[in-house]
Amino acid sequence: MARSLSEQQQTLIATFADQPEIAGTLELVWRQARASMPPGLLGDWVAGCRDIAARVGSNAAIAFLRNSPLVAAAAGPQAVAELAAQAPDLAEIAGGNAALALFLAAPHAARRLGTPQSFAEWLRVIRRIAETAPESVGLLLERSGRVLDSLDLRSFETWALGGIRAAENDPERRLRFFALLDTQALHAIEHGADSVAFTDVERELKAFIAALWHVTPPVRTLPAAGFDTPRRPCFSNGVIRVPQSSRGIDGQSGKDLFRAALAHVLAHFQFSASEKFPLGSLKPVQIALVSLIEDARVEQLAIGRFPGLRRFWLPFHLADASGVVTAPALMARLARALLDPTYFDTHAWVNKGRDLFFAERVRWSDPAISRSIGGLLGNDLGQMRVQFNPRTYVVEPAYRDDHQGLWDFPAAAGATAESLYESVRFEQSESEPADREREAAGAPANLARLTPEEAEVGVPVARYPEWDYLISRDRGEWTTVLEYNPADGRAEQIDDILERYPETAYRIAALVRAAKVSRPHRVRRQREGDRLDLEATISAAIDLRAGLTPSPNVYARLERRWRDLAVLVLIDASQSTNDIVKAAGRSVLELERDATSLLAHAMDGMGDPFAIHAFCSDTREDVHYYRLKDFDTLWGALAKRRLAGVTGRFSTRMGAALRHAGRDLAACQSYRKLLLLVSDGEPSDVDIADRRYLVEDARRAVLSLQHQGIDLFCVGLDAGGDSYLTRIFGRSNVIQLDRIERLPEKLPLLYFRLAG
Amino acid sequence: MELDDFRIGEEPYYRPIGDEVRLFMAAYAERMPIMLKGPTGCGKTRFVEYMAWKLERPLVTVACHEDMTASDLVGRYLLDAQGTVWHDGPLTIAVRHGAICYLDEIVEARQDTTVVIHPLTDDRRVLPLEKRGELVRAHPDFQLVISYNPGYQSVLKDLKESTKQRFGAMDFGYPPAAIEAEIVAHEAGIEPAVADKLVAIGQRSRNLKGHGLDEGASTRMLIQAGRLIAHGVSIEAACQIALVLPITDDADIRGALTAAITASI
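Protein chains in written order, with the working numbering: chain U, 1 to 756; chain L, 1 to 265.
Honestly, I wouldn't trust all of these hints.
Ranges between beta-carbon positions, derived for each pair [to be verified]:
#: 1; chain 1: L; residue 1: 231; chain 2: U; residue 2: 346; range: 44 to 52 Å
#: 2; chain 1: U; residue 1: 514; chain 2: L; residue 2: 186; range: 36 to 44 Å
#: 3; chain 1: L; residue 1: 173; chain 2: U; residue 2: 649; range: 28 to 36 Å
#: 4; chain 1: U; residue 1: 161; chain 2: L; residue 2: 231; range: 53 to 61 Å
#: 5; chain 1: L; residue 1: 231; chain 2: U; residue 2: 531; range: 50 to 58 Å
#: 6; chain 1: U; residue 1: 531; chain 2: L; residue 2: 2; range: 24 to 32 Å
These are computed hints drawn from the structure, not numbers from a lab.
Note that the Cβ used here is the ideal one computed from N, Cα and C, for glycine as well.
Please construct the entire structure, taking both the sequences and the accompanying hints into account.
Structural data, given as structure tokens:
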């Protein structure tokens, strides 16, 4: 036996005869291998090693030597045999570097997977990926540890194959995906098997907040942080940020954790003072304790109002009076002692904190007590010489926020970050814009984003006549409409609008839903109706004469049953829309955007065909026309980005834009066609001095479109006089708004007209 | 008497919130048509019943629906073996015999239907029966009361200006918490402390109006929940049956409501 062992060792050394400098390594690895593998398999191992050295190269063989004992220790010697068998094939498909990466990734995968079966399965998945995306397998292996930490093997395979499919045979996109530069790739990992994505529970939890406190604060998700960084919710300026996903703790689901977190932050919103605590000369440990007392204080106040909230928070308080006495452990115990009336602690400091806190019961409404009790306890903790490391401190329990929103950071917050337990979080907030850029770059928007920087190029698409009221005739082919690529803004801005007016959005959606705009149909043979159905009546009379029981369905009525309506919303994007509407304190353009978003949201919900276009003009030769959304495109991120990106420039040559929009609408096959102009009211252009000229032209355009069976309607967003708009559209076709909330009140007018 | 069936024998329970009773008496003295505005289940119908009892007038109630036509109100010719025969509708009955006619949720009815009440609601006080060629003059005791839910989200069913302006209006809302608890406790026969909790829960659901619910839980719903509690059902189960499940089919909103109820008790 001993002879054969040394023979194998001889063979091994002979394999690397050309590299005498690794002799020491060989010796070490040999010993490791003997410890982790049964003697019977050592021969195979050496043979595999020789094979790899011959087919892939000695570098790969050395990597195999170094890593295979670790694999054997974690997933059994059988796994090493599989590894040795698969590696040369992989090298043939994807190159020697892929094999090298495989050996480097193998120990981590073996530890994570644990059994030779699943390790072999992992190798199979890697091979499958190598066959479809050979260029990416190296990257994938490099990242495989991180991905496997979040996903099980099955999800890993789905994730990788999904990435390959999403890249649609574009190697570059695959590389981005496997380098985890693709937000989709990260997102998929974040939403690993057992975790709950916030977006999946967002609606319910927001409704929960609204039910309890009657507020709807915006909730955003935090950008993905490192995998080992515990993420805590945070809030600032009324915006709540929560992790993208959460796994839940100790039998509580991720949803429970999100709910507890939101309930906690809302308790801060309700009961924490509006001015934040000044940092002053407080030490990190005192800051942590003041925050802890403040957390407990607002929770107690919230429980006073809603006693059941305790049930949402308590399951996350897992600390108990055992284990090592460290600062974080004591703080977690104190946090529990302050919330859980049934909890008893043995530590004098925890009990002192509890006594101090409950002694101030009557003054709980005063945030100053957090400051005084927290400061006191911080001193005590300092004197106990318990270590508090601000760099590693993470707020416990997991549902509580990171305390950043409680403190008034001086302007140069980054500089003081070191002295707080803030380093992690500052890194997070700094990485956020970078992340957003990355997201934007990943979206197909990046092309359009570049356009504004280059000189804008419009494509001339049509020439229209213009009406000159002085000579009472059309000037033929007088204006030129150029279509430009719309600039991009942030799609979130549009979603924010919907969030800002939830009630209005809801009412408008309901209004649109209720409107039945279609050709009236005569419904015959009804039990009830506004007139007799002659045929049915005659047959009933015949039945009577014949002695039969007549059918009672002898009425007819007219009904509008369906919706058959195409809407084109035309947004005035001229310079004047940057003016502030006094009553609202916001610019006309912002209100236009709000109104359009709300309407679009409602119409999209109903599946009505609608388009959103915008216009402005720079002389009659250059009427800018932007197609933000067409009838056949979706109301999705692209349309929203474009709507958000509309800026107010140049002038308002309304007539030309109306004619152009009308041409689009005329092509629609709907029973009713509605052109909805959202404007601030005054047509003008730099090449026209006579104010009446463009008003008359627009009026002419309106009349001619009405002849074509298009309904025109104008939403005027101007607190001032409405003389221009009523002159152009007619009194009954204009609604004036100065506050967006009034839109649902006014909208019925429009539908009355269409249904009438 | 023609309308004995429509008389209200026993005093209905009604807990006045302001001086709505006195105001209504004054309006009735002038036979002024009255419009009661307010969300569903806040006590509009109960108020009218109470007033009819107090004024000792018969009450003809019509629940309006979207397929209701003018002939459903005024009457119609029906076919019988000999030919056709005229039947008075509920409005005509009330007009002829001097009742308070209460058109519940008038906005539900179609626009053209509501126009038939116009001649009744100005100083003419007549009801023309076009099809029959008859002009019915209103009995001196006749009064028209309609209810109208402004939160109701239907465009085509908003009242016409010309209809609105004929009415005096009284605004009903859910009563203040203390009074609502008193009402719930009385109607359901439960302890005031439990009624307080139910009212707090009701408040939570009303916060969701516009955030997924058309309307929050009405006082009526809270009373229903209370009645279940009086039978020994736990608050949570009672709220689930009487409140969460009826009010919405949306799983998210149900989840939110259930959590809010848990938080409140």
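Results of checking the hints against the structure:
| no. | hint | verdict |
| --- | --- | --- |
| 1 | 231/L - 346/U: 44 to 52 Å | 47 Å, holds |
| 2 | 514/U - 186/L: 36 to 44 Å | 37 Å, holds |
| 3 | 173/L - 649/U: 28 to 36 Å | 48 Å, violated |
| 4 | 161/U - 231/L: 53 to 61 Å | 57 Å, holds |
| 5 | 231/L - 531/U: 50 to 58 Å | 51 Å, holds |
| 6 | 531/U - 2/L: 24 to 32 Å | 31 Å, holds |
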